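Novice: Go by the hints and put chain U onto chain D.
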Amino acid sequence: MADVNRGNRPLSPHLTIYRPQLTSMSSILTRITGNAMLVAALLIVWWFLAAATSPEAFATANGFITSWFGDLVMFFSLLGLWYHTLAGIRHLIWDNGYGLDIPTAEKMGWAALVGSVVLTIITALII
Amino acid sequence: MAYLTDRKRALGMGSAKSGTAHFWAMKVSSVALLILIPLFVFTFGAALGGTYEEVLAYYAKPFPAIIAALTLTVGFKHFNDGVQVLIEDYVHGLAQKIAIILMTCLSYGAAAVGLFAIARIAL
Chain D
262 MADVNRGNRP LSPHLTIYRP QLTSMSSILT RITGNAMLVA ALLIVWWFLA
312 AATSPEAFAT ANGFITSWFG DLVMFFSLLG LWYHTLAGIR HLIWDNGYGL
362 DIPTAEKMGW AALVGSVVLT IITALII
Chain U
50 MAYLTDRKRA LGMGSAKSGT AHFWAMKVSS VALLILIPLF VFTFGAALGG
100 TYEEVLAYYA KPFPAIIAAL TLTVGFKHFN DGVQVLIEDY VHGLAQKIAI
150 ILMTCLSYGA AAVGLFAIAR IAL
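Going down the list, the sequences are from chains D and U.
Under the working numbering, think of the first position of the first sequence as 262, with each following residue one higher.
Under the working numbering, think of the first position of the second sequence as 50, with each following residue one higher.
Simulated from the structure, these hints should not be mistaken for laboratory data.
There may be inaccurate statements among the hints.
[Said to hold, decoys possible] Straight-line Cα separation of at most 25 angstroms, SDA-like style, residue types lysine to any residue; simulated pairs:
| # | chain 1 | residue 1 | chain 2 | residue 2 |
| --- | --- | --- | --- | --- |
| 1 | U | LYS76 | D | SER287 |
| 2 | U | LYS76 | D | PRO274 |
| 3 | U | LYS76 | D | ASP362 |
| 4 | U | LYS126 | D | ASP362 |
| 5 | U | LYS126 | U | HIS141 |
[Claimed, not checked] Here chain D is said to cover these stretches of chain U; the calculated rule only asks that three of the stretch's residues, wherever they fall, bring their Cβ under 8 angstroms from a Cβ of chain D:
| # | segment |
| --- | --- |
| 6 | 78 to 89 |
| 7 | 94 to 101 |
| 8 | 120 to 128 |
| 9 | 131 to 142 |
| 10 | 162 to 170 |
Since the structure is predicted, the reported quantities are computational estimates derived from the model, not experimental observations.
From the three backbone atoms N, C-alpha and C, an ideal C-beta is built for every residue, glycine too.
Bound-form chain D, shown alone:
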């Protein structure tokens, strides 16, 4: 009864079998951007703490964040933030059962990719 086959079952194909597709790549990018934003979030917390501490501490933190390296981190974090936001909207739509067919899912994937670049440029111009 309980002595069933427990280790030798056929497995469904995984990442190493499938060729990269827009749907899988946009999904992985959502995860990467979401987790990578920790760096920018910690920099922002450091910036606030420094501002609350002293002018000297603020000069150090602010100097780092507004340096060319800090600018680079914040710029790519902004791009990641907009992408993650748009991809998140896609998930909220999916959660309600809409847009799950491949053509719609791919269209929304492109919309998130292109939209995040557009939003980043607009934000960079305004700020």
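Specialist: Just chain U, lined up with the frame of chain D:
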């Protein structure tokens, strides 16, 4: 093992534990961040690059301070829920538990530091 029934062997192994609560928490925080993130990007963006005095004066105002405090709180909660799923996918066993605990401490710790700093500037 051979004495266990199929039902006993399967009991508790499924995904029907706290997964629904986790999913719902992600959903609520994601909708909240949908409102907060644009507001935070443009208020923080306006303050960034200013002098020490300008930044203190800007975050002494209620609106930017409340937006920043809410964004850090909800954002780090959302991050913590998300990074837990990431860890559960790639890290297993004891290392998984340690990684989740460390990231939870970091998330709540960073949110607390941020809230303290904003409160000190704003009040």
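Novice: Confirm or reject each hint.
Specialist: Hints versus structure:
no., hint, verdict
1, LYS76/U <-> SER287/D, "holds (19 angstroms)"
2, LYS76/U <-> PRO274/D, "violated (29 angstroms)"
3, LYS76/U <-> ASP362/D, "holds (22 angstroms)"
4, LYS126/U <-> ASP362/D, "violated (31 angstroms)"
5, LYS126/U <-> HIS141/U, "holds (22 angstroms)"
6, 78 to 89, "holds (count 5)"
7, 94 to 101, "holds (count 5)"
8, 120 to 128, "holds (count 4)"
9, 131 to 142, "holds (count 3)"
10, 162 to 170, "holds (count 7)"
Consistency note: the structure conflicts with the earlier hints numbered 2 and 4.
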